[in-house]
Amino acid sequence: MKNFIQKIKKNYRDHFNMTNKPPRSISTFMQDMGEDEEAFKKYYKSFSDLDKEIWKDIAVSTITRVKAEDVYIDYAVREKMLSFLYTLVEEMKPYRAFVNYQFKHKKNGRIGITPKFLDDFKTEFMSFSHEIVNEGLDTTEIINRPFISEKYADALWVEVLFLISFWIRDNSANGESTDAAIEKTSNFAFDLLGQTPLDSAFDLVKFLFQRK
Amino acid sequence: MAKEIKSQESIPASKVQRAARFMRTGVKVGKNYIRHYARNTVKPGSGKDQLHEENARDIYDSLSELKGSALKIAQMMSMDKNMLPAAYSERFQMAQYSAPPLSYPLVVRTFNKDLGKSPDNLFDTFTKNAVNAASIGQVHQATKDGKKMAVKVQYPGVAQSVSSDLKMVKPFAVNILGLNDVDVNHYMDEVETMLLAETDYELELKRSKEISEATSHIPNLRFPKYYKDFSSRNILTMDWLEGAHLDVFLKTNPSQEIRNKIGQAMWTFYDYQIHHMKAVHADPHPGNFILNEEGKLGVIDFGAVKDIPDDFYNKYFVLLDSSLLEDDDKLMKVFINLKFVYEEDTQKDIDEIFNILKTMVELLGRPFRVDQFDFGNDDYFKEIYEFGEESSKAKALKFSKKPRGARDGLYLNRTYFGLYSILNQLKANISTKSFWHENKFDL
Numbered sequence: 001m002k003n004f005i006q007k008i009k010k011n012y013r014d015h016f017n018m019t020n021k022p023p024r025s026i027s028t029f030m031q032d033m034g035e036d037e038e039a040f041k042k043y044y045k046s047f048s049d050l051d052k053e054i055w056k057d058i059a060v061s062t063i064t065r066v067k068a069e070d071v072y073i074d075y076a077v078r079e080k081m082l083s084f085l086y087t088l089v090e091e092m093k094p095y096r097a098f099v100n101y102q103f104k105h106k107k108n109g110r111i112g113i114t115p116k117f118l119d120d121f122k123t124e125f126m127s128f129s130h131e132i133v134n135e136g137l138d139t140t141e142i143i144n145r146p147f148i149s150e151k152y153a154d155a156l157w158v159e160v161l162f163l164i165s166f167w168i169r170d171n172s173a174n175g176e177s178t179d180a181a182i183e184k185t186s187n188f189a190f191d192l193l194g195q196t197p198l199d200s201a202f203d204l205v206k207f208l209f210q211r212k
Numbered sequence: 001m002a003k004e005i006k007s008q009e010s011i012p013a014s015k016v017q018r019a020a021r022f023m024r025t026g027v028k029v030g031k032n033y034i035r036h037y038a039r040n041t042v043k044p045g046s047g048k049d050q051l052h053e054e055n056a057r058d059i060y061d062s063l064s065e066l067k068g069s070a071l072k073i074a075q076m077m078s079m080d081k082n083m084l085p086a087a088y089s090e091r092f093q094m095a096q097y098s099a100p101p102l103s104y105p106l107v108v109r110t111f112n113k114d115l116g117k118s119p120d121n122l123f124d125t126f127t128k129n130a131v132n133a134a135s136i137g138q139v140h141q142a143t144k145d146g147k148k149m150a151v152k153v154q155y156p157g158v159a160q161s162v163s164s165d166l167k168m169v170k171p172f173a174v175n176i177l178g179l180n181d182v183d184v185n186h187y188m189d190e191v192e193t194m195l196l197a198e199t200d201y202e203l204e205l206k207r208s209k210e211i212s213e214a215t216s217h218i219p220n221l222r223f224p225k226y227y228k229d230f231s232s233r234n235i236l237t238m239d240w241l242e243g244a245h246l247d248v249f250l251k252t253n254p255s256q257e258i259r260n261k262i263g264q265a266m267w268t269f270y271d272y273q274i275h276h277m278k279a280v281h282a283d284p285h286p287g288n289f290i291l292n293e294e295g296k297l298g299v300i301d302f303g304a305v306k307d308i309p310d311d312f313y314n315k316y317f318v319l320l321d322s323s324l325l326e327d328d329d330k331l332m333k334v335f336i337n338l339k340f341v342y343e344e345d346t347q348k349d350i351d352e353i354f355n356i357l358k359t360m361v362e363l364l365g366r367p368f369r370v371d372q373f374d375f376g377n378d379d380y381f382k383e384i385y386e387f388g389e390e391s392s393k394a395k396a397l398k399f400s401k402k403p404r405g406a407r408d409g410l411y412l413n414r415t416y417f418g419l420y421s422i423l424n425q426l427k428a429n430i431s432t433k434s435f436w437h438e439n440k441f442d443l
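So the sequences go chain by chain: A and B. Quick note: the first sequence uses this note's numbering, first residue 1, plus one each step. Quick note: the second sequence uses this note's numbering, first residue 1, plus one each step.
Think of the hints as simulated: they come from the structure by calculation, not from any bench. Among the clues, some could well be false.
[As the list claims (entries may be wrong)] DSSO-like, lysine-lysine: derived pairs with alpha carbons at most 27 Å apart:
(1) Lys278/B x Lys433/B
(2) Lys93/A x Lys184/A
(3) Lys41/A x Lys21/A
(4) Lys10/A x Lys93/A
(5) Lys209/B x Lys148/B
(6) Lys278/B x Lys206/B
(7) Lys122/A x Lys45/A
(8) Lys296/B x Lys427/B
(9) Lys10/A x Lys45/A
(10) Lys113/B x Lys9/A
(11) Lys67/A x Lys113/B
(12) Lys42/A x Lys122/A
(13) Lys113/B x Lys144/B
(14) Lys52/A x Lys7/A
(15) Lys7/A x Lys21/A
(16) Lys440/B x Lys330/B
(17) Lys21/A x Lys10/A
(18) Lys104/A x Lys116/A
(19) Lys225/B x Lys148/B
(20) Lys184/A x Lys113/B
(21) Lys147/B x Lys206/B
(22) Lys144/B x Lys67/A
(23) Lys184/A x Lys117/B
(24) Lys10/A x Lys117/B
(25) Lys67/A x Lys128/B
(26) Lys106/A x Lys41/A
(27) Lys10/A x Lys113/B
(28) Lys45/A x Lys21/A
(29) Lys56/A x Lys113/B
(30) Lys107/A x Lys151/A
(31) Lys113/B x Lys206/B
(32) Lys440/B x Lys339/B
(33) Lys106/A x Lys21/A
(34) Lys122/A x Lys52/A
(35) Lys117/B x Lys93/A
(36) Lys117/B x Lys67/A
(37) Lys93/A x Lys113/B
(38) Lys106/A x Lys45/A
(39) Lys128/B x Lys184/A
Kindly produce the complete structure, drawing on both the sequences and the hints.
Here you go:
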């Protein structure tokens, strides 16, 4: 059964890589595999279900790979996030056509809005994201701020969305621009999450205000 | 062309960011000037030096954030000491040692991409943090089978950003540093070519092999061995040389004998390259050398290797012929040949430029006209700096609409300035025998 699912996923991905678009229908797709529609429907209601699961797989294998590295435990949270992003790009590589198609045909074009097919991917990422944010709060690499702290994990999600869209449009040799973008956005994000001049400014203003 | 536009489209954020950084520098420098004038009205004569120092610090801070080619330019300007007030160049020399680092995950990624393995798998040990910053990358220390190695890793996309960085440095160089527009353009083309070559570590590996083999007979010179299997376009692995950079080395108070030994190795190394091989490691800034207490000179960077075309060599180095200093007509012919002077210049300009150049030729060629030269003699360097100040005020040069001096000369000037400046810091007293005498020149 597991093998069969793997085969479906692989053929589905290969179809994107060869034609840059999804199969015309479930039945033609299954016919090409020498199977019938019923076999597909046992596991997925539609292609959208399959899309979601492939994305989830990408997230799971990325996180697994990142955590399997020996150096991972010693990383600061900034490096953990960086490592996640670099690995994510690696994991997405075989799915380039699939990712391309999905992002170019998503319903809501705005950055920051999560498209449907990423629902499960996001769930996986958010648990990772919360984990590193909490760790960062413990090590004070990230600063606790009332009301805002709860949104930190979401901010990192926005970074992921941004970088996937960036990667799709990156034509540089070897994806060097994406590497640079990952480095820069992460530095920016974690500089904001850490102690910033704004914190001391806020503290000062609060102090002056209270003395009135 | 189309490709260039595309790649620029894909990194708009960084471009804007960098431009913003330069604006910030401009603003800060302006502020320093205001402070300077305010201070001067209160307390006249409080010194332009302090102003230069403040400006230099702000410019340096921005440049070091920029990394890549902009940092390289800061380094270059620090070489051409006489182009910059002393305070600027001191500050810029620091650029040779420090720049903000690459994250370790990116280092791992670069290894995986280029060599298919992570540094942990490739080496027995590998430092997570960089032990040193190179201008377009950083250096990690590694060990393998008991051998210590230095591993240079390049910033991603450096090659791409070279051109756009240079475009942004240009107005900055013209306005803030007060260089003339034509000179800067002239500079930039040459700099761009060399910078692009420097981003190619595969080329550097090849060059280092060629030069180290060709100069291996020179005493007290040592080169690291390079490891091809652990190198790629973005990664360069070589032996770790024990020793220290110039500034640290000098703090250990090495004896005159040791300093002469190192100075001699350096002189012969450069002389052999320029006058015999006609290809030179054109980047003699202190960060590229490792010195040790036995008086050995280690050379660790072969990024900027400049080929010297034969016809240029002959036109340029004929200037070392001391008989020229006694024959103004012949000397003028050489200057015209080198495009220092144009026949259509006004007589007044010609006179001014001629005098400046003649002084320069006399000054810079002085070590060649004797057998033994004491580079520890600060009077000589004071003369050079004073000459630099003087010539930077010369109207005919400052407002020149034409480039002065052949473009190939840029790196040679820089090489000699760098070499002399290091020899001066070493206070080396050495034999200045030159391979120049092997070559024949027609006057």
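Now the hints, each set against the structure:
{"no.": "1", "hint": "Lys278/B x Lys433/B", "verdict": "holds (17 Å)"}
{"no.": "2", "hint": "Lys93/A x Lys184/A", "verdict": "holds (21 Å)"}
{"no.": "3", "hint": "Lys41/A x Lys21/A", "verdict": "holds (21 Å)"}
{"no.": "4", "hint": "Lys10/A x Lys93/A", "verdict": "holds (14 Å)"}
{"no.": "5", "hint": "Lys209/B x Lys148/B", "verdict": "holds (19 Å)"}
{"no.": "6", "hint": "Lys278/B x Lys206/B", "verdict": "holds (17 Å)"}
{"no.": "7", "hint": "Lys122/A x Lys45/A", "verdict": "holds (21 Å)"}
{"no.": "8", "hint": "Lys296/B x Lys427/B", "verdict": "holds (16 Å)"}
{"no.": "9", "hint": "Lys10/A x Lys45/A", "verdict": "holds (18 Å)"}
{"no.": "10", "hint": "Lys113/B x Lys9/A", "verdict": "holds (26 Å)"}
{"no.": "11", "hint": "Lys67/A x Lys113/B", "verdict": "holds (19 Å)"}
{"no.": "12", "hint": "Lys42/A x Lys122/A", "verdict": "holds (25 Å)"}
{"no.": "13", "hint": "Lys113/B x Lys144/B", "verdict": "holds (21 Å)"}
{"no.": "14", "hint": "Lys52/A x Lys7/A", "verdict": "holds (16 Å)"}
{"no.": "15", "hint": "Lys7/A x Lys21/A", "verdict": "holds (18 Å)"}
{"no.": "16", "hint": "Lys440/B x Lys330/B", "verdict": "holds (16 Å)"}
{"no.": "17", "hint": "Lys21/A x Lys10/A", "verdict": "holds (14 Å)"}
{"no.": "18", "hint": "Lys104/A x Lys116/A", "verdict": "holds (13 Å)"}
{"no.": "19", "hint": "Lys225/B x Lys148/B", "verdict": "holds (11 Å)"}
{"no.": "20", "hint": "Lys184/A x Lys113/B", "verdict": "holds (19 Å)"}
{"no.": "21", "hint": "Lys147/B x Lys206/B", "verdict": "holds (22 Å)"}
{"no.": "22", "hint": "Lys144/B x Lys67/A", "verdict": "holds (26 Å)"}
{"no.": "23", "hint": "Lys184/A x Lys117/B", "verdict": "holds (24 Å)"}
{"no.": "24", "hint": "Lys10/A x Lys117/B", "verdict": "holds (26 Å)"}
{"no.": "25", "hint": "Lys67/A x Lys128/B", "verdict": "holds (17 Å)"}
{"no.": "26", "hint": "Lys106/A x Lys41/A", "verdict": "holds (24 Å)"}
{"no.": "27", "hint": "Lys10/A x Lys113/B", "verdict": "holds (24 Å)"}
{"no.": "28", "hint": "Lys45/A x Lys21/A", "verdict": "holds (19 Å)"}
{"no.": "29", "hint": "Lys56/A x Lys113/B", "verdict": "holds (24 Å)"}
{"no.": "30", "hint": "Lys107/A x Lys151/A", "verdict": "holds (25 Å)"}
{"no.": "31", "hint": "Lys113/B x Lys206/B", "verdict": "holds (21 Å)"}
{"no.": "32", "hint": "Lys440/B x Lys339/B", "verdict": "holds (22 Å)"}
{"no.": "33", "hint": "Lys106/A x Lys21/A", "verdict": "holds (13 Å)"}
{"no.": "34", "hint": "Lys122/A x Lys52/A", "verdict": "holds (10 Å)"}
{"no.": "35", "hint": "Lys117/B x Lys93/A", "verdict": "holds (17 Å)"}
{"no.": "36", "hint": "Lys117/B x Lys67/A", "verdict": "holds (17 Å)"}
{"no.": "37", "hint": "Lys93/A x Lys113/B", "verdict": "holds (12 Å)"}
{"no.": "38", "hint": "Lys106/A x Lys45/A", "verdict": "holds (19 Å)"}
{"no.": "39", "hint": "Lys128/B x Lys184/A", "verdict": "holds (19 Å)"}
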